[in-house]
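Quick mapping for you: the protein sequence lines, in order, are chains A and B.
Numbering follows numbering that gives the first Met the number 0, with no gaps: position 155 of the first sequence is 154.
Numbering follows numbering that gives the first Met the number 0, with no gaps: position 5 of the second sequence is 4.
Everything labelled a hint here was simulated from the structure, so no lab data went into it.
Predicted model, so just to flag it, every value in this text is computed and none were measured.
Some hints here could point you the wrong way.
As the list claims (entries may be wrong) - In silico contact screen, one side only, chain A against chain B (beta carbon under 10 Å); selected entries:
#1 R37
#2 A40
#3 P141
#4 A183
#5 Q190
#6 V204
#7 W230
#8 D232
#9 N237
#10 R256
#11 E267
#12 F269
#13 I278
What the hints assert, rightly or not - For each label pair, taking beta carbons as the anchor points, the in silico distance ranges come out as:
#14 A/G128 / B/R81: 55 to 61 Å
#15 B/S282 / A/E84: 50 to 56 Å
#16 A/A131 / B/Q169: 29 to 35 Å
All C-beta atoms in this analysis are idealised placements derived from N, C-alpha and C, irrespective of residue type, glycine included.
Number of protein chains: 2
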Amino acid sequence: MGGVARRVGVVGIGLIGGSVALAIRRARPDAELVGVDRGPALERASAMGVFDRLGSELSTVASSDFIVLAAPVRQNAALLPRLGEALRSPALVTDTGSTKRVVLEAARSLPPHVSFVGGHPLAGAARAGAGAARADLFEGRPWLLTPCDATRGPADLERVRVFVAMLGAQPRVIDAEAHDRAIAFLSHLPQLTASALMHVVGCAVGERDISLAGPGLADTTRLAASPPAIWRDICATNSDAIVPALDALIETLTRLRGDLSTGDVIAEVFGSAGRWRGIVERSTATDEDE
Amino acid sequence: MGGVARRVGVVGIGLIGGSVALAIRRARPDAELVGVDRGPALERASAMGVFDRLGSELSTVASSDFIVLAAPVRQNAALLPRLGEALRSPALVTDTGSTKRVVLEAARSLPPHVSFVGGHPLAGAARAGAGAARADLFEGRPWLLTPCDATRGPADLERVRVFVAMLGAQPRVIDAEAHDRAIAFLSHLPQLTASALMHVVGCAVGERDISLAGPGLADTTRLAASPPAIWRDICATNSDAIVPALDALIETLTRLRGDLSTGDVIAEVFGSAGRWRGIVERSTATDEDE
Chain A
0 MGGVARRVGV VGIGLIGGSV ALAIRRARPD AELVGVDRGP ALERASAMGV FDRLGSELST
60 VASSDFIVLA APVRQNAALL PRLGEALRSP ALVTDTGSTK RVVLEAARSL PPHVSFVGGH
120 PLAGAARAGA GAARADLFEG RPWLLTPCDA TRGPADLERV RVFVAMLGAQ PRVIDAEAHD
180 RAIAFLSHLP QLTASALMHV VGCAVGERDI SLAGPGLADT TRLAASPPAI WRDICATNSD
240 AIVPALDALI ETLTRLRGDL STGDVIAEVF GSAGRWRGIV ERSTATDEDE
Chain B
0 MGGVARRVGV VGIGLIGGSV ALAIRRARPD AELVGVDRGP ALERASAMGV FDRLGSELST
60 VASSDFIVLA APVRQNAALL PRLGEALRSP ALVTDTGSTK RVVLEAARSL PPHVSFVGGH
120 PLAGAARAGA GAARADLFEG RPWLLTPCDA TRGPADLERV RVFVAMLGAQ PRVIDAEAHD
180 RAIAFLSHLP QLTASALMHV VGCAVGERDI SLAGPGLADT TRLAASPPAI WRDICATNSD
240 AIVPALDALI ETLTRLRGDL STGDVIAEVF GSAGRWRGIV ERSTATDEDE
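The task is simple: from the sequences and hints, build the whole structure.
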């Protein structure tokens, strides 16, 4: 896999971009690694001590042959045309955003010497920012890949596949529409639910009684620590898939609400949920370090 | 605390009743410990090897001076009048149910020589049944106590307080109404939400794609493994407090649904949720073994 990525550029150095950089450096000590970010994030990236060169302009990655866009989704989409202009020689670009259709649409305007494959690592952590980055963040985790019109050939998809495997992830190709719909349920709905639940519970019980919270509430609301800025972008670029997911949850909660005394809906929903939970436990049994 | 409970009876030997028995045995090796349950649960209780005597009738605890009711809430309430008849000498009874008003109402019919103090240990585990019982389940956890008309004097409240402290818990007295309202938000709403979410996500994505689930979904749905039978009882005996909690969550989810594109509600709800989450993290920081 020596030739997959000799000169790697990372644009947006938070938890994901920082972990990509650490994982590359671990796998390819000799790769040239440059990064782009701004303000305090650039200072934190510098403190990581893993980049050969850092800058606040896209020209910093102008001579990279493999670029990872790891800013929030709408920033990635807005950066793509400018990145296309900045890149002087043939380059392969991928991203790490949680929604795929918007960035794939933006990739249509890329010049012919720039190829694009969408990407989405299914990895996260309780903390945001480069300070929480880890070389093993992607270890054993799925990394979804969405080839598109701007993918200049099957060899480019293969290069991205080898690249993410090099970071420890398990690549899997998926259509962008199917991706956005599945992730609305698997990731976006749990996030919105955890945040809504934490907000409602906190406001209702207040500071004194929140200390009664046990491990159940703590688990259920762990995602509520996620940064709002990233989620504004995700929700704005996937609202048509998130709305039906929210509707399905609201409908189930409403059915439970109407049947608390008899318990028939409780039996049905808890029975179904228990079976699905068993499957989730078996499939995430190796992720307990999260 | 030698005289708090010489002859202890446990009625209902699942996760909680079994853990109470193990914690008593650890703290008071010389106490007489008897238990009541039926069928396979009685066999599992026997396998624990911690009880001096076991039986399937309430008469088994007739000579106990301290009885812990640890069956589902409505069973506890139904058992109380019969327990009152079965007890031959003065005894103090407490329970471990997640709702308090219904059992306190049932306690009004107890004869004068039987005293009652409601109790609710805020402890849980991912697994149900005596097989999952642990002597340290209550270590450092709050144990809410609700004295009532059937509490025959302040000395009885003090005895229960000393008893739960002996099990490692932190006793805290609370009014039954306030208890049921706060716990509807702190425990019942998270449980219903986790089960509803797991049901909706599983049904939407199916067996193949559920394997993409990451630690976020796994955390948010951990409670979905809870046994339906216990929750039918809890919901049936606290529906008037759970309905407003569900309404508040449905309202917040509906507001998020209507604002996915602009993100103002996301910013508001995630901001509030992040602040409450910080408080929950600090207050449950020692519970990471759960």
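Hints versus structure:
The beta carbon of A/R37 comes no nearer than 21 Å to any beta carbon in chain B, farther than 10 Å, and the hint placing it at the interface is violated. Look at A/A40: its Cβ only gets to about 19 Å from chain B, farther than 10 Å, so that hint breaks. The criterion of a C-beta within 10 Å of any C-beta in chain B is met by A/P141, whose closest approach is roughly 5 Å, and the hint holds. With its C-beta approaching chain B no nearer than about 9 Å, A/A183 sits inside the 10 Å limit, and its interface hint holds.
Interface restraint check for A/Q190: the shortest CB-CB distance to chain B comes to about 7 Å, inside 10 Å, so the restraint holds. With a least beta-carbon distance of about 5 Å to chain B, the hint placing A/V204 at the interface is held under the 10 Å criterion. Look at A/W230: its Cβ gets to within about 6 Å of chain B, closer than 10 Å, so that hint holds up. Annotation: interface hint on A/D232 holds; nearest CB of chain B at approximately 8 Å, less than 10 Å.
The interface hint given for A/N237 holds, since its Cβ lies 8 Å from the closest Cβ of chain B, which is under the 10 Å cut-off. With a cut of 10 Å, the hint placing A/R256 at the interface with chain B holds, because the nearest CB-to-CB distance is about 5 Å. Interface restraint check: A/E267 against chain B, minimum CB-CB distance 8 Å, threshold 10 Å, status holds. Look at A/F269: its Cβ gets to within about 4 Å of chain B, closer than 10 Å, so that hint holds up.
Contact between A/I278 and chain B, as hinted, is supported at the beta carbon level, the nearest pair being about 6 Å apart and thus within 10 Å. Between A/G128 and B/R81 the C-beta distance comes to about 60 Å, which sits within the given range of 55 to 61 Å. Under the hint 50 to 56 Å, the C-beta atoms of B/S282 and A/E84, about 51 Å apart, fit the expected range. For the pair A/A131 and B/Q169, the supplied restraint of 29 to 35 Å holds, since their beta-carbon distance comes to about 32 Å.
The structure does not agree with the numbered hints 1 and 2 stated previously, though it agrees with the rest.
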